[in-house]
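Asker: Each chain, letter by letter, is given below.
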Amino acid sequence: MSIRGKAFIAGAYEHPRREIPDRTNSQIHAEVAAGALADAGLSFSDVDAYFCDGSTGFGPMSMAEYMGLKCRHVDSTETGGSSYVFHVGHAAEAIAAGKCQVALITLAGRPRSAAMGGRPGGADPTGDMVFEGLWGMAGAVTGYALAASRHMYEFGTTSEQLAEVKVAASLHAQHNPNAFLQKPTTVEEVLDSPMISWPLRRDDCCVVTDGGGALVVVSPEVARDLERTTVKILGHGEHVKHADNGRIDLTYTGAVVSGPIAFEEAGVTQADIDYVSIYDSFTITVVETLEDLGFCEKGAGGRFVLDGTLVAPHGRLPFNTDGGGLCNNHPSNRGGMTKVIEAVRQLRGETHPEVQVPDCEIALAHGTGGSIGTRMGSSTVILGREDA
Amino acid sequence: MSHDLPTPAPRITPENQEFWAATAQHKLLLMRCDNCGNPIWYPRTFCPDCGTFDTSWSEASGRGTVYAFTIVHRSMIDGYRQAVPYVLAYVELEEGPRIMTNIVGCEPDAVRVGMPVRVVFHDTGEDNALYRFEPAGSQ
Ligand SMILES: [Zn+2]
Numbered sequence: 032m033s034i035r036g037k038a039f040i041a042g043a044y045e046h047p048r049r050e051i052p053d054r055t056n057s058q059i060h061a062e063v064a065a066g067a068l069a070d071a072g073l074s075f076s077d078v079d080a081y082f083c084d085g086s087t088g089f090g091p092m093s094m095a096e097y098m099g100l101k102c103r104h105v106d107s108t109e110t111g112g113s114s115y116v117f118h119v120g121h122a123a124e125a126i127a128a129g130k131c132q133v134a135l136i137t138l139a140g141r142p143r144s145a146a147m148g149g150r151p152g153g154a155d156p157t158g159d160m161v162f163e164g165l166w167g168m169a170g171a172v173t174g175y176a177l178a179a180s181r182h183m184y185e186f187g188t189t190s191e192q193l194a195e196v197k198v199a200a201s202l203h204a205q206h207n208p209n210a211f212l213q214k215p216t217t218v219e220e221v222l223d224s225p226m227i228s229w230p231l232r233r234d235d236c237c238v239v240t241d242g243g244g245a246l247v248v249v250s251p252e253v254a255r256d257l258e259r260t261t262v263k264i265l266g267h268g269e270h271v272k273h274a275d276n277g278r279i280d281l282t283y284t285g286a287v288v289s290g291p292i293a294f295e296e297a298g299v300t301q302a303d304i305d306y307v308s309i310y311d312s313f314t315i316t317v318v319e320t321l322e323d324l325g326f327c328e329k330g331a332g333g334r335f336v337l338d339g340t341l342v343a344p345h346g347r348l349p350f351n352t353d354g355g356g357l358c359n360n361h362p363s364n365r366g367g368m369t370k371v372i373e374a375v376r377q378l379r380g381e382t383h384p385e386v387q388v389p390d391c392e393i394a395l396a397h398g399t400g401g402s403i404g405t406r407m408g409s410s411t412v413i414l415g416r417e418d419a
Numbered sequence: 354m355s356h357d358l359p360t361p362a363p364r365i366t367p368e369n370q371e372f373w374a375a376t377a378q379h380k381l382l383l384m385r386c387d388n389c390g391n392p393i394w395y396p397r398t399f400c401p402d403c404g405t406f407d408t409s410w411s412e413a414s415g416r417g418t419v420y421a422f423t424i425v426h427r428s429m430i431d432g433y434r435q436a437v438p439y440v441l442a443y444v445e446l447e448e449g450p451r452i453m454t455n456i457v458g459c460e461p462d463a464v465r466v467g468m469p470v471r472v473v474f475h476d477t478g479e480d481n482a483l484y485r486f487e488p489a490g491s492q
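Chains as they are written, first to last, in the numbering used here: chain A, 32 to 419; chain B, 354 to 492.
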């Protein structure tokens, strides 16, 4: 497929000022966005994809929140001054692929007015950084603990139910000789671990590990010529979920948008999924995500994970058979890479025999970046065996 | 008790300067959209609900309820590290927005989701104050 003739630039706007001491970078992003959309005859509510560099706050998560964008496609490819040219190309690819229809690309920065060390956004804090940076948000766990408290309040989810997620991960990790934590644990042991940020305990948290991972994606033509078993990409969905202008709802994640898009593209349903890699920064992340992906009703995630549901190979929905971020690995504090890698291992039939899902044909991998307590980038991929 | 929380000064920008200046008078301001009338949180000069730039300040009642909370037992943030356990929370203001803050003025174990709270201000020593919330029943 080529992008030739598949996408068009409809709006363009250059900020008229050359010295802007009275604005934040966020304001300038919004002003140029409004200008380009007006030029195109479109409005903010038409935008379904957003592109910016990585220099303002948390990039697209912060700016989608500021502008109230409801995105199903984002990209913050950062290549310095050429980023926006990359963004045009990537926007055209996304539109050609049917991922989005109206892609907004913005740039803003104030190197003349603010001391900034050469990067386009520099030290100018975004509103989310200012208004959430004062209250002792002690790392990621406190944000996820906020979500857990609300989930418990609305749905009666318990610490014992959350602990079941850790137990399942540990049962898998015992078969992974590289896992950071290899000893099977119990609900009682999880509940006995030190409280970090109520209601989350140490054993509700993922491990902190060095390391990394990589993937190679190729065209069908290249795949055909390779001897190695490949895995077919069937569908993908993404979403930035943010605080939505003070209406933050901590009981769901961006998977409510990314999941249905991925399922539709893949042409499969929840019942077709043989294995899931679910982002497990914390136990509550798994419970909310399973609900949002439609594997159980909203609010029923705590009950769903009981009775070995997640335990491979014979649970109803085997998950994170490498031991996940909770026990195996969370390299660079970023668990998305290992989620895809374990799904590939399952589909190739190359996991440890004790956790290999028999006849694994369709797998789902889901990533959650940022925090379910504030704003997040959510991405779901559905993968199939080479012959799927 | 959690009244020994630190009072870090906020980072002032052209967009939030008026908000923080008002906290020196122990006023909690809300930005409102002149076009659709919705409150805007966090404060910004752009309405994310209708995409317009016409906004004005009004004073919030300072009353709300706890939407969600966590009792932080481990913190690596200087000042907060020495204050554990303390309560980080979202408070749902009477006007609607759910805002991140701390709950003070009671034992952390006494905090409940849905509990009525009211705003208090802790001066930072830099001509502004942090808005925190205490149980609405206490004095
Ligand atoms: Zn509005």
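Watch out, some of these pointers could steer you wrong.
[Stated by the list, open to error] If you want a taste of the chain B side facing chain A, the calculated C-beta under 7 Å gives, among others:
| no. | residue |
| --- | --- |
| 1 | D357 |
| 2 | T366 |
| 3 | P401 |
| 4 | W410 |
| 5 | L441 |
| 6 | P450 |
| 7 | F474 |
[What the hints assert, rightly or not] Over the 10 Å line for every Cβ pair with chain A, so calculated as not near, a few chain B residues:
| no. | residue |
| --- | --- |
| 8 | G404 |
| 9 | S409 |
| 10 | E447 |
| 11 | D476 |
| 12 | D480 |
| 13 | G490 |
By construction, these hints were calculated from the structure, which means they are not laboratory data.
C-beta: ideal position from N, C-alpha, C; glycine also.
Asker: For every hint, state whether the structure bears it out.
Answerer: Hint check results:
Because the smallest distance between the Cβ of D357/B and any Cβ of chain A comes to about 12 Å, over 7 Å, the interface hint for this residue is violated. The closest approach between the C-beta of T366/B and any C-beta of chain A is roughly 5 Å, which is under the 7 Å cut-off, so the hint is satisfied. At a threshold of 7 Å, the smallest CB-CB gap from P401/B to chain A is about 3 Å, leaving the interface hint in force. The interface hint given for W410/B is broken, as the beta carbon of that residue sits about 15 Å from the closest beta carbon of chain A, more than 7 Å.
The beta carbon of L441/B is positioned within 7 Å of a beta carbon in chain A (closest approach about 5 Å), and the interface hint is therefore held. Checking P450/B against chain A: minimum C-beta separation of about 3 Å stays under 7 Å; hint holds. With its C-beta approaching chain A no nearer than about 13 Å, F474/B sits outside the 7 Å limit, and its interface hint is violated. The beta carbon of G404/B is not kept farther than 10 Å from every beta carbon of chain A, the shortest such distance being approximately 4 Å.
For S409/B, the condition that its CB be more than 10 Å from all CB atoms of chain A holds, with the nearest at approximately 16 Å. Even its closest Cβ contact with chain A, about 12 Å, leaves E447/B beyond 10 Å, as expected for a residue assigned away from the interface. Its beta-carbon lying about 13 Å from the closest one in chain A, D476/B satisfies the requirement of being farther than 10 Å from that chain. Every Cβ of chain A is farther than 10 Å from the Cβ of D480/B; the closest lies at roughly 15 Å, confirming the non-interface assignment.
The beta carbon of G490/B is kept farther than 10 Å from every beta carbon of chain A, the shortest such distance being approximately 20 Å.
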